[in-house]
Structures are given as structure tokens and as C-alpha cells.
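So the chains spell out like this:
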Amino acid sequence: MTGFLTPVLITLKLAAMTTVLLVIFSLPLAWWLATTRTRLRPLVEAVVALPLVLPPTVLGFYLLIFLSPESPLGAAWVRLTGETLTFSFSGLVVGSFLYSLPFAVQPLQTAFQSVGTGYMEAAATLGATRLDAFRSVALPLARRGVLTAAVLSFAHTLGEFGVVLMVGGNIPGKTRVLSIEVFSAVETLDYATAHLLSAGLLVFSFLVLSAVYILNRRDGAGR
Amino acid sequence: MTGQLEIDVTATLPGFTLELAERIPLAGITVITGPSGGGKTTLLRVIAGLEPAVRGTIRFDGADWSGLAPHRRGIGFVFQDVRLFPHMDVAANLAYGARRRGAGREMVAAVIEALDLGPLLHRAPQTLSGGEARRVALGRALAARPRLLVMDEPLTGLDRARKERLQPYIARAVADFGVPLLYVTHGEGEITYLADRVLTIAGGRAAGWQPPAPRLTGRVRAAGEGWIELERADAVLRVEGQGRVGEIWAIPLGRDLSLSTRDPGATSGVAVLEGRILGPEPGEGAPETRPHGLETGGERLTIPASWVPAPLRGVEGGGPVWLSLARIRARPLASA
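Protein chains in written order, with the UniProt record's numbering: chain A, 1 to 223; chain B, 1 to 336.
Bound-form chain A, shown alone (with noise of 0.2 Å):
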């Protein structure tokens, strides 16, 4: 049962990564999905909810077909890096985050709508440009959604298991993240590692998840 580690490391550094760029990329979407009245709307909003309802298996399927070196996407990323985007880790990023897509947008969306435009048209009538407003008045009001968003994110894809088998394979101190390592210890009959992980993966998770309740819930009260 030793050498858990280092899937419990490259669990953390794709959750931490996946986390990240989610944020920063569903910060505008989510904004514009919460204050657009284009037609267009549902639309996106109902590809943004897909891997919500997709068994992990077929989102993992498209991304092996659009990430494979023979794609134009694959094949661009092999020309710029010298790596292939499936079976590596940075494949297992891009899967993370279309897979954890609804979980940072969804929170993000419902903060941003109820923060309404009645703040931002105050802001805009003193004198604040748009980008002035969301990031001094927008931002900070949706601040749960945002805390929310991120440890949603991070959590989803520390559990994260069928698109990553699929995309990234399991392959030992590349792309071979917890729940994997579960997997395989369980199917070596090496319950040990199993419980050690798993009960692991559990209280962390509860932690984390009890810390955001709290915290927000503090937040609401304090105000």
C-alpha cells in the first residue's frame, strides 16, 4: 500500500489547475449568461449543463476522438509541445474542466443574477465603465457564488473518474489520479489502499464542503 502518494498529488495539482482556469473562464460566461437577453440563452445554457447529465463515458469518448493526435486540435497541441493531449496530463485538464464546466458556471450564474442590474446602473451613473463596475461592484456581491463555484469545481474533480480513464488512461505517475488508484487497488483485492483512499477522499471532501456551507452561511449573517 505504499505508493499512494503521488496519484494523491496529481489528484490535487489537476484539481487545483481545473479550478483555476474554471473560474477565470466561467467568471465572463456565467455574466453574460445572467444579464444577456439574447435568444440564444438556453442554448448555451443547455450545453454548459450536458456533462451534468452525460454518462462519463460518452463526454470521454468525444474528447479521446476531438483530443486524439489525428484531430486538428491533438494535432496542434502535438506541433506546440511535443506532446500528445490524450493519455497525458494536460488532456486529463481539459477533460476536468469540461466535465466540471456546470459545476463553477451554474453557482456563478445564480450569484450573478442575484446581484440584478440595479447595482451595476448605480455604478454606471457614477461614472464606472462596465468592467469598472463588474469588478467593483458585481464581483464582490457575488463573492459566495464565487467561493462556491471554486470549491464546487474542486471537489467534482477530486471524484472525478470515468473521463479521466477514458481521456488520460491510467497510466502510474502521469495520469493515474485517487480514484483511479482506488479502482485498481480493489480490482488487486488490495483493500488496504482501497480504504485508506477512499475514507480519505471522504472526509476531505465533507471538510470541504462543511467549510463553504459555514462560510457562507457566516457571510449571509454577518451583513
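Derived from the structure by calculation, the hints contain no laboratory data.
Warning: the hint list may mix true and false statements.
[Claimed, not checked] One side only, chain B facing chain A, incomplete, derived with CB under 7 Å: (1) L50; (2) R83; (3) A144; (4) L325.
[What the hints assert, rightly or not] Now the stretches of chain B that chain A is said to cover, found in silico as 3 or more residues with beta-carbon under 8 Å: (5) 63-77; (6) 91-100.
[To be verified] Negatives, chain A to chain B, calculated, CB over 12 Å: (7) E121; (8) A122; (9) S184.
Computed from a predicted model, the values in this text were never measured in an experiment.
Here a beta-carbon is modelled for each residue, glycine too, at the ideal position from N, C-alpha and C.
Mind docking chain B on chain A? Use the hints.
Same frame as chain A, but now just chain B:
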């Protein structure tokens, strides 16, 4: 010469169209009134650039504002629902627009002084009373040194006493900072006290201009903490308010005034002035229903027929009257 806000616009909202072509003088207080849902708020939002579906032109003192982004217009907007930023304290709210428009600390300090905001600076907006929050919202808009102030029913939801306590701050702000004000309300008391002119809007169209309430004027000859002495040709009146020697103040006349054909002697009110009904003004309709001229202390006013004592109503040449004021609510006039 006074600048003008020239509006010639059609604004289309779901189920409502505002179609308006008016010139609004950029001086003093213009009250916009009319029935609910008539387009008053929409007009303010169009002027501020907050409505997207607007066709036509808006010119501010000659400058074309059509299509200009809201943050470039320099309008101080006091919203009906206040909209103080809940994540900032009062001081940060006041500084928000001032900093962005380069208004400087002196401007913020002047606003804090004029609106008595000092004790509130470190409070969170959520802890303010309704009246305090309105004062801060006015201060936040003023501190950004606006070229035009617009207020959308800013006293809605307050009781009468609070409304009357806040109105002098509004008049004071307009006089002190020299900023023209568009003020939406349907409160009779607010119109009487604040209006320099009144525009009625109904059904998305302008329904005409009315003059301000009849008013007496006087010059401040002495001022102290919370009081002034107003000098008129026929009397010196001591009035509540914060003013400076030399300012011209108006005493708008409304429900606090009663007219009698005899000297009432001592009254429970604060002042009795002598005057003369000059008879009905020229115009259409029966003489007893037309507005009448009133002369008092060298000033000539026009008052509704219903204010005239019955024996003098519609009588050519009129006759002497005594004006009893139950109380005096005066305000500074913006210097033109």
C-alpha cells in the same frame, strides 16, 4: 443664459412606448409628475442612458448625448430603491463616484457637511434608516459632481414628517452645488415645496407644463444655527432652515395659507401679511373659476380661484385680504 436639455425620443419597452419631445431648462428644480405607469421613470432612465431601445436625440446644453454610454453622461441618479452598495460603508459609497469622476476629497467633504452625513460615515448601508439611506444616496450622487441630478420618487415609503425633514436637504443641495434637478414625484407636498416648474407625463406622452406653486420671496438678512430671517418689503419673517446672508429664499404657498377679508388679529399661525386680491386673470371660463392676481409686499402672485375668499371671487378690481400662514416652509432658490 440657461442651458437646456433637449429631448426628442421614442423609447420602446415591453408593452409601453414613451414618445416625447420637450426642452427642459437646466436650472433649479423641474418636477416631473403624472399617474403611475405614465413613463416618468422611463424618461429619467432614457436621459441617463439606461434604456437600450431608444430612438431619437438627446442634447445636453448643446452636446449630443444620443448613444453616449451612461458612465460618460455625468448624471447623478438617485433611485427610488436607493441602491447603496451593500458591501461598502457609507464613506466608500460616497467616494465611489467622486473618485471615478475626479471630484476630489473637498467635494466629498462639502457633501458630507451639506447633508449632515458625518455621523453615518462608518455605518453599513443595511443599518441605516430609510431617511438616512436616502440622504446618503443623494450625497453619493452629488459627490460625483454631476452635471444633472435626477431623483426618482426618492422619498417614497417615508412618513410625512420624514419627507418634510428631507426636502430642505434636496433644495439646499441644488442651491449649494448649482446642479439642475429633475425630480419625479406625485406627492403634492413635494411639488409645492420643491418645484420651480412642473412637467406632467401620462400614457407615455407629455401632458403639459405648469408653473410652480405661488410663492413669496425674501432675502436672508441674518442666519444662525437652524434659522434665518427673511426680509421682505412688508415684513421680516423668522424661518427654520440653514441659509446664508444674501441668499434669496422662496416661501411656497399651499395648505398652510388661508386668506380672509378682515384682519384676523392675533392667530395661532406664525405670520399674518396684508395684501390685495387684484381680480380674476384674463382667460377663458367664468371669472369666479379663473386664477386670480394677488399682490402682497410688492410681489404679484397668481393663485387658484379656490384660495380666494368667496366675497372677492370673480370680482373685478378685487379687494384687501389678509394672508395667515399657519407655518412657513421656505427653501433657498438656486441662483440663475
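Return the status of the interface hint for B/L50: holds when the least beta-carbon distance to chain A is below 7 Å, violated otherwise. 5 Å, holds
Chain A over the stretch 91-100 of chain B, status - at least 3 residues with CB closer than 8 Å: holds (count 3)
Against chain A, is B/R83 within 7 Å by beta-carbon distance? Holds: closest Cβ of chain A sits about 4 Å from B/R83, inside 7 Å.
12 Å Cβ clearance of A/S184 from chain B: Holds, since 48 Å exceeds 12 Å.
Do three or more residues from the stretch 63-77 of chain B put their C-beta atoms closer than 8 Å to C-beta atoms of chain A? holds (count 8)
Taking 7 Å as the limit, does the beta-carbon of B/A144 come near enough to a beta-carbon in chain A? 5 Å, holds
Classify the hint on B/L325 as holds or violated, based on whether any CB of chain A lies nearer than 7 Å to its CB. Violated: closest Cβ of chain A sits about 39 Å from B/L325, beyond 7 Å.
Take a quick look at A/E121 and tell me if its Cβ sits farther than 12 Å from every Cβ on chain B, holds or violated. 5 Å, violated
Using Cβ atoms and 12 Å as the threshold, tell me whether A/A122 really stays out of contact range of chain B. Non-interface label on A/A122 violated, nearest chain B Cβ at 4 Å vs cutoff 12 Å.
In this structure, the hints that do not hold are numbers 4, 7 and 8, in rising order.
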